[in-house]
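From first to last, the protein sequence lines stand for chains E and G.
Our numbering numbers the first residue of the first sequence as 338 and each following residue consecutively.
Our numbering numbers the first residue of the second sequence as 1322 and each following residue consecutively.
These are computed hints drawn from the structure, not numbers from a lab.
Quantities reported herein were computed from a predicted structural model and do not represent experimental measurements.
Among the hints, a few may not be true.
[Said to hold, decoys possible] Computed beta-carbon distance windows for the label pairs:
| hint | chain 1 | residue 1 | chain 2 | residue 2 | range |
| --- | --- | --- | --- | --- | --- |
| 1 | E | Lys461 | G | Glu1455 | 40 to 46 angstroms |
| 2 | E | Ala433 | G | Asp1458 | 26 to 32 angstroms |
| 3 | E | Val349 | G | Asp1534 | 51 to 57 angstroms |
| 4 | E | Ile422 | G | Gly1328 | 38 to 44 angstroms |
[Claimed, not checked] Some chain E residues judged to face chain G by a derived CB distance under 7 angstroms, without partners named:
| hint | residue |
| --- | --- |
| 5 | Ala406 |
| 6 | Asp407 |
| 7 | Asp410 |
| 8 | Leu442 |
All residues carry an ideal CB built from backbone N, CA and C; glycine is no exception.
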Amino acid sequence: MSRLLKNGLVEVDGIEAGGGPERKRYAITHAGITDVEQWLATPQEPEEYLQSALYTKVVLALLTHRDAADILDTQRSEHLRSMRILTDRKRKGDLADQLICDHALFHLEADLRWLELTAARLDKLREAVAR
Amino acid sequence: MTTSPPGSLLTAQGLRKTYGHTHALDGAEFPIHPGEVVAVMGPSGSGKSTLLHCLAGILPPDSGSITYNGREVTTMSDAQRSTLRRSEFGFVFQFGQLVPELTCAENVALPLRLNGTSRKEAERAALGWMERLEVDDLKDKRPGEVSGGQGQRVAVARALVTGPRVLFADEPTGALDSYNGERVMELLTDAARSTNAAVVLVTHETRVAAYSDREVVVRDGKSRDMERAI
Ligand SMILES: Nc1ncnc2c1ncn2[C@@H]1O[C@H](COP(=O)(O)OP(=O)(O)OP(=O)(O)O)[C@@H](O)[C@H]1O
Ligand SMILES: [Mg+2]
Chain E
338 MSRLLKNGLV EVDGIEAGGG PERKRYAITH AGITDVEQWL ATPQEPEEYL QSALYTKVVL
398 ALLTHRDAAD ILDTQRSEHL RSMRILTDRK RKGDLADQLI CDHALFHLEA DLRWLELTAA
458 RLDKLREAVA R
Chain G
1322 MTTSPPGSLL TAQGLRKTYG HTHALDGAEF PIHPGEVVAV MGPSGSGKST LLHCLAGILP
1382 PDSGSITYNG REVTTMSDAQ RSTLRRSEFG FVFQFGQLVP ELTCAENVAL PLRLNGTSRK
1442 EAERAALGWM ERLEVDDLKD KRPGEVSGGQ GQRVAVARAL VTGPRVLFAD EPTGALDSYN
1502 GERVMELLTD AARSTNAAVV LVTHETRVAA YSDREVVVRD GKSRDMERAI
């Protein structure tokens, strides 16, 4: 807040005296609005998931000849456990719940789609080697 | 008599089905309880649809046993099996299941008409289900005049109109975008839960499978119950 204040993006709008400690009310300045608008209009840089523990674990497991299908099925089962909870929360919740749960659900699904593709690729590779 | 897990509604044990040299099913097992939603997952060609067709009494397995409500399905006559399907089961597939010459409402009412329900009664029930699936405004349209997502909701209404004990769904959201897929799953599972129907849901989408209570994975014609595996 103090940084926003220093940069002139917000200003003190008043002081509220209540029962507890006094609270300062801030208001966004014109510069602040422009700044937020700029921020919202700039596309977010995509996060790359290259540091994931899941990735490392799966690749190591595959390199040590563990069964790809088995890794996929047990990981899916674990992911599905979380996904069922999120789906349930989404169904019972409001729009905000739906948005946040969907965001998480699509990312969890992406892990599995990658794992599925990897398992299928390894199967094809194995077939080619066996031939 | 085969022993099925206690309380299960539909059970398959040791199912085998061969097409030439292909072992489509190779000793698959499957139990489902009333009111349960079970996702059937696994790679393409692993035997998911074959399993569903056997469970539903559409396709006879080469060997193995299928028990519905304590009755052996594999030894029934074709007529008995067809009665079982009509009165106890509902079906939703990926596409092309509505009769193009009939209106959407007539399509939904059709299973009831085939069971001998009067036209008036069938229409009333059909409209009730179409309302629940939010497609009652399409009642007078023909399947060719509605979108894929709308058609799929009509198909779900038709599958539920007879009050089936088991609903078989093979990739029910396969042809739909994310929004319509989610909505169909929500409406389908809500409806199934409210009538305590069991749902066998074949899907390769994990977000769709997340509407299930548990998942069974099929690989090379063999099944793996992930709940028991852990
Ligand atoms: N009528 C048929 N005649 C010959 N082979 C068949 C027939 N039906 C299925 N098969 C074969 O049996 C195997 C299992 O098929 P099935 O349709 O059950 O797979 P699936 O898991 O449903 O696949 P998908 O995810 O692609 O729908 C496949 O190898 C398939 O080619
Ligand atoms: Mg299939």
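Here's how the hints hold up against the structure:
Between Lys461 (chain E) and Glu1455 (chain G) the C-beta distance comes to about 43 angstroms, which sits within the given range of 40 to 46 angstroms. For the pair Ala433 (chain E) and Asp1458 (chain G), the supplied restraint of 26 to 32 angstroms holds, since their beta-carbon distance comes to about 29 angstroms. Between Val349 (chain E) and Asp1534 (chain G) the C-beta distance comes to about 54 angstroms, which sits within the given range of 51 to 57 angstroms. Evaluation of the 38 to 44 angstroms hint for Ile422 (chain E) and Gly1328 (chain G) yields a failure: the beta carbon distance comes to about 25 angstroms.
Among the interface hints, the one on Ala406 (chain E) holds; its C-beta lies about 6 angstroms from the nearest C-beta in chain G, closer than the 7 angstroms criterion. For Asp407 (chain E), the suggested interface contact is broken, since its CB lies about 9 angstroms from the closest CB of chain G, more than 7 angstroms. Interface hint status for Asp410 (chain E): upheld, as the beta-carbon distance to the closest one in chain G is roughly 5 angstroms, under 7 angstroms. Look at Leu442 (chain E): its Cβ gets to within about 5 angstroms of chain G, closer than 7 angstroms, so that hint holds up.
Going through the hint list in order, the structure does not satisfy hints 4 and 6.
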